[in-house]
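*Asks:* Throw the hints in and build the complete structure from the sequences for me.
In order, the protein sequences belong to chains S and Z. Numbers given in the numbering used here equal positions in the first sequence, counted from 1, plus 1149. Numbers given in the numbering used here equal positions in the second sequence, counted from 1, plus 1430.
Fair warning: there could be bad hints in the mix.
When the alpha-carbon atoms are kept at most 30 Å apart in a straight line, the in silico BS3-like pairs for lysine-lysine are as follows [unchecked claim]:
{"#": "1", "chain 1": "Z", "residue 1": "K1706", "chain 2": "S", "residue 2": "K1599"}
{"#": "2", "chain 1": "Z", "residue 1": "K1432", "chain 2": "S", "residue 2": "K1216"}
{"#": "3", "chain 1": "S", "residue 1": "K1428", "chain 2": "Z", "residue 2": "K1432"}
{"#": "4", "chain 1": "S", "residue 1": "K1935", "chain 2": "Z", "residue 2": "K1706"}
Calculated directly from the structure, the hints in this document are not laboratory data.
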Amino acid sequence: MTDPLSPLDRPNSYIGRTVPRPNLERLVEGRGTYVSDMTLPRMGHVVFVRSPYAHARILDIDTTAAKQCAGVIAVVTGAELAEQCSPWVGVLSHLKGLKSAPQHAMAIDRACWQGEAVCAVVAATRAQAEDAAEQVQVQYQELEPVTDMRTALEPHIPLIHPELGDNLAFERSLDAGEVDKAFAEADAVAEAEFVFGRHTGVTLEARAILADWNPGERRLTVYQGTQAPHMMQNIFAKHLALEEAQVRVVCKDVGGSFGIKVHVYADEMATAALSKRLKRPVKFVADRIESFVTDIHARDHVCKGRIAVKQDGTITAFAIDDLTGIGPYSMYPRTSAIEANQVVNLVGGPYQTRNYRARTRVVFQNKNVMCQYRAVGHPIACSVTEGLVDLAARAIGMDPLAIRTKNLILDDAYPTDSPSGLKFEALSHHASLAKLKQMMDYDGLRAEQKRLRQQGIYRGIGIASFIEVTNPSAAFYGVGGARISSQDGVSVRMDATGAIIVQTSLTEQGQGSEALTAQVVASALGVALDKVRVILGDTDNTPYGGGTWASRGAGIGGEAAWQAGKALRMNILKVAGTILQTVPETLDIDQGVVIDKETGRERIGLDEVARITYFRPDTLPADFQAELLVTRHYVPRQYPFAFTNGIQGSWLEVDTETGFITLLNHWCVEDCGTIINPQLVDEQIRGGVVQGLGAALFEHCRYDESGQLTNGTMADYLVPMASEMPDIEVGHVVSPTLESELGAKGAGEAGTAGAAAAVANAVNDALDPFDVTITEIPLTPSVVLKALNQRRS
Amino acid sequence: MKAYAFDYVRATTLEDALALLERAGDGGKLIAGGQSLVPALNLRLLAPQLLIDIAHLAELRGISSDDTHIHLGAGTRHVELATSPLVGQTLPLLQMAIRHVAHAAIRNRGTLGGNLAHADPASELPACMIALEAVMLVLGPKGERQVPAGEFFKGLYETALEADEILVRISIPRSPAGTRCHFNELARRAGDYAMAGLAMVMQGQDSGDVQIRPVFFGIGDRPVLARHAALCLQQAENLIDGLEAAQQALALDLQPQDDLQADSDTRMQLAKVLLKRGLADLLAQGRG
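*Replies:* Structure (structure tokens):
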């Protein structure tokens, strides 16, 4: 045998192979276990009475009639539940100056957004609880709501939390290089105000939790659709006055998360507190209307941007002034300042210029809470950056691809950093751009565009380069004081038949954590994939770790799985070496059989190694102890984040009479390093792109001036559907991170990061003959028509 | 959310259904396909005490024809209309429209009668009924009566049906040879409620003696036959010459509403575009 090219180059490796996911059959046959489906003996269903007002004082809650209703177990007000559950404040120490007010599981004397829970009704069935909830009489005194983030800081606007002194939650400024000089010496300056519609991540399965306080063992078991079971274990313990050891969080099948299910929701805390109070299992499943008014929203930003450019195409500065409204509280424990902070970090990130000035302000408002949703901050930063780059190109009459080629950080410039201090290990902007150009046949599309324009058909090409934060180290949350682990652990053991059992701290919500873990372990060990069973999502039965969010699963949990698999292989080979009386280093495992590394000759099956280990240890030397369970942990140390990069292209048609946009094709080239399962990565990219396209064209949580959400149903809140989606072609450039052996970086958010920017640029490209520039999403027919009509009149 | 508790009974005959409906008074509600009713129940927008299931009544089923009319049972499901050769031959407008009605799963269960009786102003089929001059056969305790489609739709979710009446059958006159029809709607996504839609039937020649029935939907509280616009087209020497006047005349025919999808100006603009494109399609059919 020749020397392996890399440690990954194993016999029959599953790394880089598309193989079916181990959980596929179970899920498609309807044999999954979602919290929504679970029932426990003596279980009560909780329904929350929610504030119909955006801002109101709670004068009185009369629960008398509700308590008389059929099937009712308990009716509990916010004040009563505060006996079980202490409030929290969503701040982190590394986000300097971030402030928020204490938030309770249910409002006590004041409701701060439409949808905030003020009273809980627990009954034998959900329908009975809903019947009784209608009988709860709440007297409200309406207060003036703060809804417009643009005026939230003005002196005549009421303060949502008077004790904080103002409505400003967080502010950050950055000034790098010589921005004023760059603008003064620019040949052209372009500027625009970019407006982003507040939207949310609509999961197929709504938020669901089943909490079971067992007074007999003084333990709380929480079945929850969450991305971070260990984080939740800590939070439940802390606010319900328990030790962490008294709390078990079990995360079975989850119907989608997208960052929505990584936060601490007041109604979920209330559900756990109710279980403790009532000493019985209590279940809460959000219905769709509740989801729209309580699942975190995201992306509500107005960002002014300026760009300076020389006539030769050299971009010499970016400057932004960003404003975002986050609802009445900073979300706990990850805070609602991260998104704005990411915008400051990421704008201009793919480009060479060192001149960058930024400010962001994060304000409170009486709307649903905002927090991290897939690709946190990236779509804002990417849309602003790439929108500005296109404006600059237009100002000097340069082709959009040409200006990017001129300004993207060169592929041989690494390691390097950004003006905002981001460290880049190795990116591939130019290789990605070249690949995109070839995949989309850029020159051919330009020719087609020109030809069709003569027939009155307006098609546009949009390009968007991006960088993406993945594999976050402790720099993300840990350094700020949050007990959110950035490391992951994986235990691998061989059972008495030679089968492999893996326990990982990653979680699975549909993205393939289970599949990638099995593939990595099977490859590291040298066993068939169907010999590997993965256990995840249980704080009692997995190593401690972060879970699945921020594109960290493959890069961090995957590396821990790789190291654990390798260590177990060596331990198995030690047993085999002892049995075979040979040096373990001369052996390897292939397809579940111990072989001679040199010749490939089969020596002993793993089932036989296991049999001897577990049942005939008497035949092994007295001084030898087999260890067929190993655990390894991993966390990135060298780089705070493993940045990835990519570029997207959009090809679309604008109907200039109706304002309708038809997406014709979409391309995404990305570089997530080592690819473990190509199909899973491609579908992650496609799914991410679709959510970005949803933001570009459809998704919008629309509030009126009084703070009422006006479109909280699936009929009115438009999610992207298959009929409107174009083909999405995915290409890869592979630059593995050298920090880990696996070399994997994240792929979960790349699609979402750049899709809306590419679409917006394509729309403006299509409308170029009309001299129209639109910098607002979603790009609804009304928005497009309004812009065209303004120009026509 | 879960629906309020209600009783359910499956009617055995049309007569039985009528009796149940009368006995239930205000608390009774007919259910056929349930595709609009069940969501409304689950949202607790409706709280009937008794649901009377008429989905299985043979008297409400069937697609038939005689020398003058096509007869569609009110219980006919959308999918049956979409796949019926007779409907395809005689009422192509209906099959064009049904493709835009929600999604396949909904079309499999939703019924024609339920669609019409629900009277959603953004619904496709009510507009087609007006364009095709359908007649609704309605049965009540006092017997049978016939309501022309133009008088059936009274407003937002409002029809000429009394609380104790059942829509039994829809009869549509056979179209003369050479009749052309056009259907188009502007919806944000396939299957969504239209921001504006147009069902249009034309009889006669491109120039001279022509009858044209443009019916708009998704604009205003009910489908509207644009009489003024039609007149402009009919009075023009050539249809196409009448377009601009017809577009202007839409201001007399339509009262577009403001809603989440579009303001009234945008809707009017979309209606004009639909009329222009519809006319172009009809003319192209004449040439083809």
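*Asks:* With a cut-off of 30 Å on the C-alpha distance, tell me whether Z/K1706 and S/K1599 pass.
*Replies:* 26 Å, holds
*Asks:* Under the criterion that the straight-line Cα-Cα distance not exceed 30 Å, is the pair S/K1428, Z/K1432 satisfied?
*Replies:* 26 Å, holds
*Asks:* Is S/K1935 close enough to Z/K1706, meaning Cα to Cα at most 30 Å?
*Replies:* Satisfied, since the Cα-Cα distance of roughly 20 Å is no more than 30 Å.
*Asks:* Are the Cα atoms of Z/K1432 and S/K1216 separated by 30 Å or less?
*Replies:* 19 Å, holds
Checked against the numbered hints given earlier, this structure breaks none of them.
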